[in-house]
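End of the sequence shown = 688 in full-length UniProt numbering, gap-free, step of one.
Treat the hints with care, as some may be off.
What the hints assert, rightly or not - As a list, the in silico DSS-like pairs of lysine-lysine whose alpha-carbon atoms are at most 30 Å apart:
#, residue 1, residue 2
1, 246, 231
2, 495, 515
3, 410, 495
4, 213, 246
5, 498, 595
6, 231, 3
7, 362, 249
8, 39, 3
9, 668, 595
10, 18, 362
11, 3, 96
12, 495, 157
13, 213, 3
Unchecked claim - Here are the simulated distance ranges between beta carbons:
#, residue 1, residue 2, range
14, 656, 496, 15 to 23 Å
15, 636, 232, 34 to 42 Å
16, 225, 471, 32 to 40 Å
17, 651, 623, 49 to 57 Å
18, 519, 184, 24 to 32 Å
Source of the hints: derived by calculation from the structure; they are not laboratory data. Because the structure is a prediction, the values reported are computed rather than measured. Glycine is no exception: its CB is placed at the ideal position from the N, C-alpha and C atoms.
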Amino acid sequence: MAKYLVIVESPAKVNTIKKFLGANYQVMASNGHVRDLPKSQLGFDVENDYEPKYITIRGKGDILAKLRKEAKKAEKIYLATDPDREGEAISWHLSKALKLEDDQIKRITFNEITKNAVKASLKEPRAINMNLVDAQQTRRILDRMVGYEISPVLWAKVKRGLSAGRVQSVALRLICDREAAIEAFIPKEYWSLDVLLDVPGSKKPLKAQFYGKDSKKLTIENETQLNEIVKAVESDKFVVKELAHKERKKKAPMPFTTSTLQQEAANQLNFSTQKTMRIAQQLYEGVSIEGEGTIGLITYLRTDSTRIAAEADTAARAYIEKTYGEKYLTQAKKEEAAKGHIQDAHEGIRPTDITREPVRVKESLSRDQFRLYQLIWRRFTASRMADAVYMMNHVQLESGGYEFSAVSSKLSFDGFMSIYNDGEEKAASAPAVDHLSEGMELSMSEKETQQHFTQPPAHFTEATLVRMLEEKGIGRPSTYAPTITTILARHYITKEKKNLYVTELGQVVNNIMMKSFPIIVDAEFTANMESLLDMVGEGMVEWKSIVRNFYPDLHEAVEAANRELESVKIEDQLSDEFCELCGRQMVIKYGPHGKFLACPGFPDCRNTKPYLEKIGVACPKCGKDLVIRKTKKGRVYYGCEGAPDCDFMSWNRPTGHNCPKCGSYMIKKGNRECCSDAACGYIAKSEE
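Using the sequences provided together with the hints, build the complete structure.
This is how it looks when you write it as structure tokens:
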């Protein structure tokens with residue numbers, strides 16, 4: 001019979017940990033939280049100093065009964081929930097739900113699910129950290145206050161099913177502010193001027209870009225100014241004023257935090273934040289590896305620190321020296337200065353064993369698991385490697401009183417870039433510096449001029465929104481993914497390709513929040529609240545003092561909003577389709593799987609059908625509208641709305657233009673229009 005009971009959160013961890021501990025240990029899972037605030041009410045007693053009212057979560061009765069049965073048999077009970085505030089709170093709730101005495105509770109934590117880490121944690125049990133529990137309680141109650149107080153206002157003034165949140169409302173505001181900046185943006189004209197110069201003794205010309213005048217950078221604002229510069233340089237030689245050669249180092253990256261992992265997985269693997277966290281959780285909890293059994297491949301995934309344990313750092317350095325050579329090993333201590341809002345409770349995200357190379361475990365992982373593990377492994381390994389070194393060449397020239405420059409970079413030592421490249425570094429063509437000397441005169445053989453317009457701020461993507469939330473100190477690593485998922489699910493924003501766009505509904509909700517609850521959507525206030533939660537976790541602030549100061553003002557603002565706000569009706573968007581059953585014009589609705597068409601005569605008429613988004617281009621075959629469709633595997637293509645009668649389809653988006661060379665329809669590729677007939681090969685710049 002097992003003497004000791006170990007309780008973890010996730011059933012996926014049970015078999016992994018059981019294998020490490022042997023027959024004396026029974027390992028069971030709580031399946032996350034077992035107690036929470038009731039859904040049917042506010043969940044705390046305002047009259048009794050905001051005392052929380054916790055109840056057992058529906059469906060957890062059987063789990064708790066089994067845990068109680070095993071707890072009575074066990075000599076010791078180890079609470080091994082996740083090593084963060086949430087995990088600490090789950091352990092506390094378990095102790096209350098199972099009615100455990102203080103001397104029975106052995107709280108253990110481990111940053112990675114490996115044999116050494118789990119066994120080491122059993123040797124250092126501790127009491128439950130009530131400061132961390134109180135920090136989680138404070139966050140939960142504040143979120144409940146905002147959600148349960150403000151959401152009914154949105155139901156009454158707009159429509160049911162909406163919600164407000166302490167973090168989600170700030171994220172929505174950031175997206176709305178960006179949208180407003182894009183709409184208000186007025187493009188400004190500017191021109192570029194490049195010249196090709198003949199270099200004596202070199203077959204390759206030197207390409208130089210216009211820089212400015214009197215050592216100051218100058219923008220060519222219009223064509224008149226451009227013509228003046230061109231006229232001045234066409235009648236003059238280009239004199240080499242300065243030649244410079246210097247080394248530039250590109251620093252090796254730091255290990256991943258939750259935020260940077262989400263950003264890089266979005267940029268390099270095209271993963272959503274939710275998908276990244278789901279797959280990272282699988283890698284952390286344990287994957288069955290051929291020849292090794294089930295084992296955790298990465299360390300804990302919710303962290304805002306880049307700190308690495310000394311043993312892991314030593315192992316990584318030994319691996320790099322053996323595999324790549326001593327020159328690839330960094331001599332610097334890899335630590336990033338902690339920002340004010342970083343908790344630094346855990347290590348950065350890294351592989352549990354650096355010698356477990358991605359190629360070794362590839363056959364045991366799904367495609368997405370392998371790609372994410374490879375990204376984490378390469379990033380951590382690169383963080384312990386030497387900086388990359390570039391040789392920079394800079395040529396400064398003068399002609400007609402104006403200055404031009406030619407800059408190039410050549411990789412002279414790849415360092416960490418031998419295994420990890422974030423794609424940001426772009427190679428520049430090397431100017432023919434070997435044949436140049438200061439004072440040399442060069443002749444212009446060709447010039448290239450181009451008109452440009454300044455671009456508005458870019459729409460947020462999931463990756464850039466996460467970066468903004470992190471920079472402003474809004475939320476914490478565990479909140480980024482659920483925040484974005486929530487505002488997408490509420491249809492406050494929509495995602496097209498990678499970009500996030502605010503919807504009419506999102507704009508209405510944001511306007512209400514800005515008018516009636518400006519503090520809630522204030523980024524600085526939300527960031528300060530996060531700092532207060534950190535102080536609760538450190539035992540510096542009493543948790544109820546935050547709640548006491550927050551709730552009365554919020555409640556007063558809610559009552560004022562109920563009195564003063566006018567109702568806003570959002571009309572359903574009409575489609576071009578008519579109901580086949582009753583003849584009404586169908587409207588576009590949102591469901592769990594996206595847009596669909598519904599008859600406005602509900603409940604008398606319940607007709608619905610798929611929504612096919614038109615792209616405003618006629619079918620080249622039959623003239624009907626082209627629509628966006630998806631294959632069974634989710635790949636987007638463009639087909640005729642007349643399918644199956646018309647079988648037209650294209651993987652690339654048709655532009656509505658015909659090829660001037662062969663008459664075939666044109667398609668969009670990047671920023672260019674190309675003929676759909678590959679044999680023709682005609683390419684033109686897109687009008688967009």
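Results for each hint:
| no. | hint | result |
| --- | --- | --- |
| 1 | 246 with 231 | violated (34 Å) |
| 2 | 495 with 515 | holds (26 Å) |
| 3 | 410 with 495 | violated (39 Å) |
| 4 | 213 with 246 | holds (24 Å) |
| 5 | 498 with 595 | holds (18 Å) |
| 6 | 231 with 3 | violated (91 Å) |
| 7 | 362 with 249 | violated (33 Å) |
| 8 | 39 with 3 | violated (38 Å) |
| 9 | 668 with 595 | holds (25 Å) |
| 10 | 18 with 362 | holds (25 Å) |
| 11 | 3 with 96 | holds (21 Å) |
| 12 | 495 with 157 | holds (26 Å) |
| 13 | 213 with 3 | violated (82 Å) |
| 14 | 656 with 496: 15 to 23 Å | holds (19 Å) |
| 15 | 636 with 232: 34 to 42 Å | violated (51 Å) |
| 16 | 225 with 471: 32 to 40 Å | holds (37 Å) |
| 17 | 651 with 623: 49 to 57 Å | violated (21 Å) |
| 18 | 519 with 184: 24 to 32 Å | holds (25 Å) |
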